[in-house]
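Take a look at the letters that make up each chain.
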Amino acid sequence: MEFDFSPVITYFPTLIKGIGATLLIGVVVALLSILGGQIVAVISLYTRKAVNWPLRFLIWLFMTTPLLLQLYFLYFGLGQWVLIPAIAVGVLGLGFHYMAYNADIFIATIKSVSNGQYEASRSLGFGHLATIFYIILPQAFYRAIPQLGNNMIIMVKDISVLSAIGIAELVYLSQYAISVTFRPFEFYITIAAIYYLINILMETGQSWVERRAAARK
Amino acid sequence: MTTATKDTPMVELKGVKKRFGDLEVLKGIDLKVERGKIISIIGPSGSGKSTLLRSINYLEVIDEGSILLDGVQVNRPDLKGLAFERHINHIRQNMGMVFQHFNLFPHLSTLDNVTLAPRKLKGMSAGSARELGMELLERVGLADKASVYPSSLSGGQKQRVAIARALAMRPKVMLFDEATSALDPELVEEVNLVMKRLAEEHMTMLIVTHEMAFARDVSDWAMFMDDGVVVEQSTPDRLFTNPDQERTRNFLRKHLESQAVAHAHF
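These protein sequence lines map, in sequence, to chains V and B. Just so you know, we're using our numbering here: the first sequence kicks off at 1 and counts up by one. Just so you know, we're using our numbering here: the second sequence kicks off at 1001 and counts up by one.
Among the clues, some could well be false.
[To be verified] Once the Cα atoms are required to be at most 30 Å apart in a straight line, the calculated DSBU-like pairs of lysine-lysine come out as:
no., chain 1, residue 1, chain 2, residue 2
1, V, K111, B, K1196
2, B, K1196, B, K1145
3, B, K1254, B, K1080
4, B, K1080, V, K111
5, V, K217, B, K1120
6, B, K1145, B, K1122
7, B, K1122, V, K217
8, B, K1145, V, K217
9, V, K49, B, K1122
10, B, K1120, V, K111
These are computed hints drawn from the structure, not numbers from a lab.
Go ahead and model the full structure; you've got the sequences and the hints to work with.
Encoded structure:
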């Protein structure tokens, strides 16, 4: 068995582009899913059933069906009538998928903030919405950090699924390099190492954020 | 709306009733608190004294009667939805409430706990709010803790910050709901001291407490509540030394006995 990593080095600029695309998509999806997750959680907890039940149904739908199926549905399924650019489908699809998971976390952490916090804020004169915004949500956010971090780490790995609808992220571009160089083993090992590194960096970042948040719980 | 004069009571309750399901916890309470006066409310657990205080702040919705703050009606059955929300938010800005379990906001620094409400509700600039916050923290002896988070404060310190937070809205009246009940005995005094200082500054205060000595020392008027009614009220000297009612005497005797037992254990 012979290993030849020189094609990997030759195509490294291509892989770098893939890393860039993966990270960029990761940041956008993280922002979308965390912000959206909070909004969905607040609507689920604080509005009438007529509003929050359909929303809960959507969350349930996103959580019980495979991501790949959701992407195919959005891209090819809806594509029968309306052609949405692949990158929009990828970012929104992944965003909604993780928004559902993050909303689930926020629903639990919002519920965990004691009623005393709500009362203290109302007794100062803050209204219901202002109390949610200034007092409840920030505390729920700090409590959600460990699970959010884990979700985001899984999400970054799931970005590779977007290659199925032709988005030029890391795995997609490595497939292209492999099709030209015929060195799948070396490329896959390299890609795995890159994902491993991204993971380590995210975990380090997560524990740094968790340490900073610990005093605020 | 009534126009308040200096003779208008700061807080007035007329026939206040409150039920939790079938249980009537306030059975028609009448109360007048003159401005600058300090009223202590004592009574056994479940007597309704905390519910009474929480009702004044509208944290409990009363079933009957009316509550007035400086001549303005707090409960307004005629107002619904957002109109009532605006009304009650405004009313609450004039009342400072201090809770048994402090309820400081753990995600905010000590200073931000104090300045959040004046900044967001009164539109105070960051600079002025900071100045006010530091002045209030100074008053409760915690200026050096301005930048720390509540998790690193002791119970007594947390309660002092909570008092500063309530004072930051420049309230007309302060409501203390068993402010020292959750504290270790050695931390009670520092909170009592802050409350005494407020009393000396003629802040109108309603104090629900288990600290009989403190209540006697600091109040202008004392009330004994049991089973949802005011059993007896008078000057603290009289209420604590020579009460008229048998129920008051029993309560005070039991309280003294339990204190004696507690001391014996020390």
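We went through each hint and held it up to the structure:
no. : hint               : in the structure
1   : V/K111 to B/K1196  : violated, 37 Å
2   : B/K1196 to B/K1145 : holds, 22 Å
3   : B/K1254 to B/K1080 : violated, 45 Å
4   : B/K1080 to V/K111  : holds, 27 Å
5   : V/K217 to B/K1120  : holds, 22 Å
6   : B/K1145 to B/K1122 : holds, 24 Å
7   : B/K1122 to V/K217  : holds, 27 Å
8   : B/K1145 to V/K217  : holds, 17 Å
9   : V/K49 to B/K1122   : violated, 34 Å
10  : B/K1120 to V/K111  : holds, 24 Å
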